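Using the sequences and the hints given, assemble the complete structure.
As given, the protein sequences belong to chains A and B, one line each in that order. Residue numbers are given in my numbering: position 197 of the first sequence equals residue 197, and the series is strictly consecutive. Residue numbers are given in my numbering: position 116 of the second sequence equals residue 116, and the series is strictly consecutive.
Calculated from the structure, these hints are not laboratory results. Among the clues, some could well be false.
If you anchor each label on the Cβ, the simulated ranges turn out as follows [what the hints assert, rightly or not]: (1) Phe102/B / His84/A: 43 to 49 Å; (2) Asn158/A / Val14/B: 40 to 46 Å; (3) Leu146/B / Asp153/A: 42 to 48 Å; (4) Glu202/B / Ala129/A: 25 to 31 Å; (5) Arg66/A / Glu202/B: 51 to 57 Å; (6) Leu323/B / Thr63/A: 39 to 45 Å; (7) Glu144/A / Leu181/B: 31 to 37 Å; (8) His84/A / Leu181/B: 28 to 34 Å; (9) Pro327/B / Lys126/A: 41 to 47 Å; (10) Asp176/A / Glu202/B: 20 to 26 Å.
Think about it this way: if two alpha-carbon atoms lie no more than 30 Å apart in a straight line, the pair counts; the simulated DSS-like pairs of lysine-lysine are [to be verified]: (11) Lys326/B / Lys155/A; (12) Lys35/A / Lys247/A; (13) Lys334/B / Lys155/A; (14) Lys138/A / Lys35/A; (15) Lys286/B / Lys153/B; (16) Lys332/B / Lys155/A; (17) Lys238/B / Lys286/B; (18) Lys137/A / Lys126/A; (19) Lys332/B / Lys152/A; (20) Lys311/B / Lys334/B; (21) Lys326/B / Lys311/B; (22) Lys287/B / Lys311/B; (23) Lys85/A / Lys106/B; (24) Lys126/A / Lys155/A; (25) Lys311/B / Lys152/A; (26) Lys155/A / Lys137/A; (27) Lys126/A / Lys138/A; (28) Lys311/B / Lys238/B.
To list a few chain B residues with every Cβ distance to chain A over 10 Å, as calculated [unchecked claim]: (29) Phe60; (30) Lys238; (31) Pro299.
Bear in mind that the values here come from a model prediction, so they are computed numbers and not experimental data. Ideal Cβ positions, reconstructed from N, Cα and C, are used throughout, including at glycine.
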Amino acid sequence: MTTANENNAMIRVEDLHRHFGGFHAVDGATLEIEKGTITGLIGPNGAGKTTLFNVIAGVLPPTSGRVFMEGEEITGLPPHELFHKGLLRTFQIAHEFPTMTVRENLMMVPGGQSGERLWNAWFRRKRVAEEEAALLKKADEVLEFLTIDHLKDEKAGNLSGGQKKLLELGRTMMVDARVVFLDEVGAGVNRTLLNTIADAIERLNRERGYTFVVIEHDMDFIGRLCDPVICMAEGRVLAEGTLDEIKANEQVIEAYLGTGLKNKVMAGAET
Amino acid sequence: MDFLNAIVAIANYVLIPGIAYGSQLALGALGVTLIYGILRFSNFAHGDTMAFGTMVTILFTWWFQSLGISIAPLPTALLALPFGIVFTALLLLGTDRAVYRFYREKRAAPVILVIVSMGVMFIMNGLVRFIIGPDEQRFADGARFLIRARDFKQWTGLSEGLAIRTSQAITVVTAVAVVALLFWFLMRTRTGKSMRAYSDNEDLALLSGINPERVVMYTWLIVAALATIAGVLYGLDKSFKPFTYFQLLLPIFASAVVGGLGNPIGAIAGGFVVAFSEVTITYAWKKVLVYLLPESLEPSGLAQLLSTDYKFAVSFALLIIVLLFKPTGLFKGKTV
Chain A
1 MTTANENNAM IRVEDLHRHF GGFHAVDGAT LEIEKGTITG LIGPNGAGKT TLFNVIAGVL
61 PPTSGRVFME GEEITGLPPH ELFHKGLLRT FQIAHEFPTM TVRENLMMVP GGQSGERLWN
121 AWFRRKRVAE EEAALLKKAD EVLEFLTIDH LKDEKAGNLS GGQKKLLELG RTMMVDARVV
181 FLDEVGAGVN RTLLNTIADA IERLNRERGY TFVVIEHDMD FIGRLCDPVI CMAEGRVLAE
241 GTLDEIKANE QVIEAYLGTG LKNKVMAGAE T
Chain B
1 MDFLNAIVAI ANYVLIPGIA YGSQLALGAL GVTLIYGILR FSNFAHGDTM AFGTMVTILF
61 TWWFQSLGIS IAPLPTALLA LPFGIVFTAL LLLGTDRAVY RFYREKRAAP VILVIVSMGV
121 MFIMNGLVRF IIGPDEQRFA DGARFLIRAR DFKQWTGLSE GLAIRTSQAI TVVTAVAVVA
181 LLFWFLMRTR TGKSMRAYSD NEDLALLSGI NPERVVMYTW LIVAALATIA GVLYGLDKSF
241 KPFTYFQLLL PIFASAVVGG LGNPIGAIAG GFVVAFSEVT ITYAWKKVLV YLLPESLEPS
301 GLAQLLSTDY KFAVSFALLI IVLLFKPTGL FKGKTV
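In C-alpha cells form, the structure reads like this:
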C-alpha cells in the first residue's frame, strides 16, 4: 500500500540504528526527504547527522533499520552501486584524489564508461576517445560554473580547503544525480565562496531537479536554501519544519543549549 | 689504453649485470608497490608468486622443446611466458577469492593482511616445490651471447673483453617495454585512472562509482604479469631455484621501500639503486684498479668491499640508511 506522500519521497529512513560498541550514534531515526527539496539537517555536534549520511550512502552498514530510495530498498548497498542509482554525497572534510589534477578529479567521476573495460581501452580506442572528449568538455564547463577553471591543471592536493569544497560540489555535477548529500559544504569557506556554493546548489535544484540534503551549522546558509529543516539530537529526529518553526521549538533550543541556558535565553527573549 | 680497458671492465662486470639485475628487481618491486598502493598491504608472497609463474613457464618451455617448437635465437621461454602469466593470474585471482577477499570485506588492518600473505607465501612455496622440486633448473636456450668477449676483443683490440648475454639484452628490452606499457595503462586508460583513484582515496573512489572488486581484479592481473615476467627474466639470466626466489623477496622489498612504497617510479629507481649497490659493493675492483693505478699502488688483495655471501646485507643496510633520512623513500611513497 502506497500513499501519495510515499510516492513523493526521495529517501525514506525507517527506524535506523547505528551503534559503535555501546555508543548509539543513530538511535532510531525515522525521516523522509521529499523529492525536489533542499532539506536542511541540523543538530548539535554528535547528534548523529554524519553517521546518518554514512549509513544512507552505504559507507557504514546500519545496525538495524531500513533505507528506501524512491520506494526501493537500498539498505546496505555498497557506495558504488548507490552512485549508479544517482545517490551522491560529499564529505565534511573535503576528499580529493591528491595526485590527480583538478580536471582529472572531475573526469574520474562518471563511472561505468567504455574505457573502464580493459577490452575497450585496447581495441575500441575511438569510442573511448570520443567519450573522453565529451567528459573533458563537461569538466571544463563545471569548473567554469564553479569559477575555478584557472585551477584545472593544478594537482588537487594543492587546493585550498574552500576550493576542495567546490571541487566536491563539482563532482556531483558531472553526472545526473537524483539526490545529493552535502556534509558541511560551507565549513571553513569564506562568504563569497559560500555564496557561489549556495548559487550552485540552487541552480542544480531548480534546473536539473537535484534533491539536496544539507548538513550545515551556518543558519544563514540554511535559512537561504533549505525548506524543510530537520533537527536531530542524540541520534533521533527532534523536529521538522521551516527554519523559523525549528528555531522556535523549545526542544530544539534545549538540545542546542542545555536546559539551564534555555531558560535564560527564553527569559531574555521575553524581556 | 689502460683507461679504456678499465672502462670496459667496469661495463662488463658492474654496469651490464647491474642494469639487468636492476631491471629484474624493478619489475618485482613494481608488483609489490602496486599491491601496497591499491590493496594496502605488503605482499610477502610476491617472491613465491614469481617462482610459481616461472615454474609454469618452465613447464611450458619443456613441453614446447619436446614438441620441437623454437623461436631461436630467442629462448623458448619467451613463447611460454604468456601461459605462465595466465596460470599465475588464475592462481592469484583464486587466492584473492579464497583468502584476501574475506579480510578485505572485514576491513582488516594492513598488518593482518601482511601475516595472511605470509601464510599464502608458505603455501605457494610448498606448491612450487611439490610440482617442480627444490632443485636448480636451467631453461635458457637459444643463442647465449649477443656480443662475445672474444669477438669484442678482436673488434677493438683491447685486452679486456665485453660480453652481453642474450638474457641480459632481453631483460632490458622487456623491462623497458613492460614499464612503458604499465605507465601508459596507469596514466592514460580509465581503468588505470580508477586504480590510481582507488589508491589515492578509497572512500572517494567508491563514492565516485568505481567498483572496488574490478579494481582489485585488474591489480592482481597486472601483478601476475609483472611477477611472472620478472621471475622468468631472472631465471633466464641466472637460473631457477625456488629458494632463491623466496630470498629475492628481500632485495625486492628493499627496492620498493627505498623508492617509496606505493610509488611506481620509486619502485623502478629503487630497483636500480639496490642492484647497483649490491653489485658495486660485492665486486672485486682489483681488475679495474690494476689498469688505473701505477704499479706501485696496485692492490695485493681483491679490493672487494664485501664478499658476495653478504650481498643481502647490502639491501638491509641501504634500507636502514634511506629510512633514517627519508622515511617515505626517495620518491614520496605513502603510508597505510
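Taking the hints in turn, this is what the structure says about them:
Taking the beta carbon of each, Phe102/B and His84/A are about 25 Å apart, not inside 43 to 49 Å as hinted. The hinted range of 40 to 46 Å is satisfied by Asn158/A and Val14/B, whose Cβ atoms lie roughly 41 Å apart. At about 44 Å, the beta-carbon gap between Leu146/B and Asp153/A stays in the expected band of 42 to 48 Å. About 29 Å separates the C-beta atoms of Glu202/B and Ala129/A, a value consistent with the hinted range of 25 to 31 Å.
Take Arg66/A and Glu202/B: their Cβ atoms lie about 26 Å apart, and the range 51 to 57 Å is violated. A C-beta distance of roughly 42 Å is found between Leu323/B and Thr63/A, which places it inside the suggested range of 39 to 45 Å. The supplied range of 31 to 37 Å is met by Glu144/A and Leu181/B, whose beta-carbon atoms lie about 36 Å from each other. His84/A and Leu181/B have their C-beta atoms about 30 Å apart, which keeps the hinted 28 to 34 Å range intact.
Judged by the Cβ atoms, the range 41 to 47 Å given for Pro327/B and Lys126/A holds: they are separated by roughly 46 Å. At roughly 25 Å, the beta-carbon separation of Asp176/A and Glu202/B lies within the given 20 to 26 Å, and the hint holds. Proposed proximity of Lys326/B and Lys155/A is supported: the alpha carbons are some 23 Å apart, at most 30 Å. Between Lys35/A and Lys247/A, the direct Cα distance comes to roughly 24 Å. Compliance with the 30 Å bound is thereby established for this hinted pair.
As the CA atoms of Lys334/B and Lys155/A are separated by approximately 17 Å, the hinted pair is consistent with the 30 Å bound. For the suggested pair Lys138/A and Lys35/A, the alpha carbons sit about 26 Å apart, so the restraint of at most 30 Å is met. A C-alpha spacing of about 20 Å is found between Lys286/B and Lys153/B, which places the hinted pair at or below 30 Å, so the restraint holds. About 15 Å separates the Cα atoms of Lys332/B and Lys155/A, which keeps this hinted pair within 30 Å; it holds.
The hinted pair formed by Lys238/B and Lys286/B meets the criterion: a straight-line CA distance of about 24 Å does not exceed 30 Å. The hinted pair formed by Lys137/A and Lys126/A meets the criterion: a straight-line CA distance of about 17 Å does not exceed 30 Å. Taking the CA atoms of Lys332/B and Lys152/A, the gap is near 23 Å; set against the 30 Å cutoff, the hint holds. Annotation: proposed proximity of Lys311/B to Lys334/B holds, straight-line Cα distance about 28 Å (limit 30 Å).
Between Lys326/B and Lys311/B the CA atoms are separated by roughly 23 Å; this keeps the pair inside 30 Å, and the hint holds. For the proposed pair Lys287/B and Lys311/B, the alpha carbon gap of about 20 Å is at most 30 Å, so the pair holds. Our distance criterion of 30 Å between C-alpha atoms is met by Lys85/A and Lys106/B, whose separation comes to about 25 Å. At most 30 Å may separate the alpha-carbon atoms for a hinted pair to count; Lys126/A and Lys155/A meet this at roughly 28 Å.
With a C-alpha separation of about 48 Å, the suggested pair Lys311/B and Lys152/A falls outside the 30 Å cut-off, and the hint is violated. Restraint check for Lys155/A and Lys137/A: satisfied, since their Cα atoms lie roughly 19 Å apart, inside the 30 Å limit. A C-alpha spacing of about 19 Å is found between Lys126/A and Lys138/A, which places the hinted pair at or below 30 Å, so the restraint holds. Straight-line distance between C-alpha atoms of Lys311/B and Lys238/B comes to about 16 Å, which keeps the hinted pair within the 30 Å bound.
With a least CB separation of 24 Å from chain A, Phe60/B remains clear of the 10 Å interface cut-off, as annotated. The claim that Lys238/B is not at the interface with chain A holds, since no C-beta of that chain comes within 10 Å of its own (minimum 33 Å). Residue placement check: Pro299/B keeps its beta carbon more than 10 Å from all beta carbons of chain A (closest about 49 Å).
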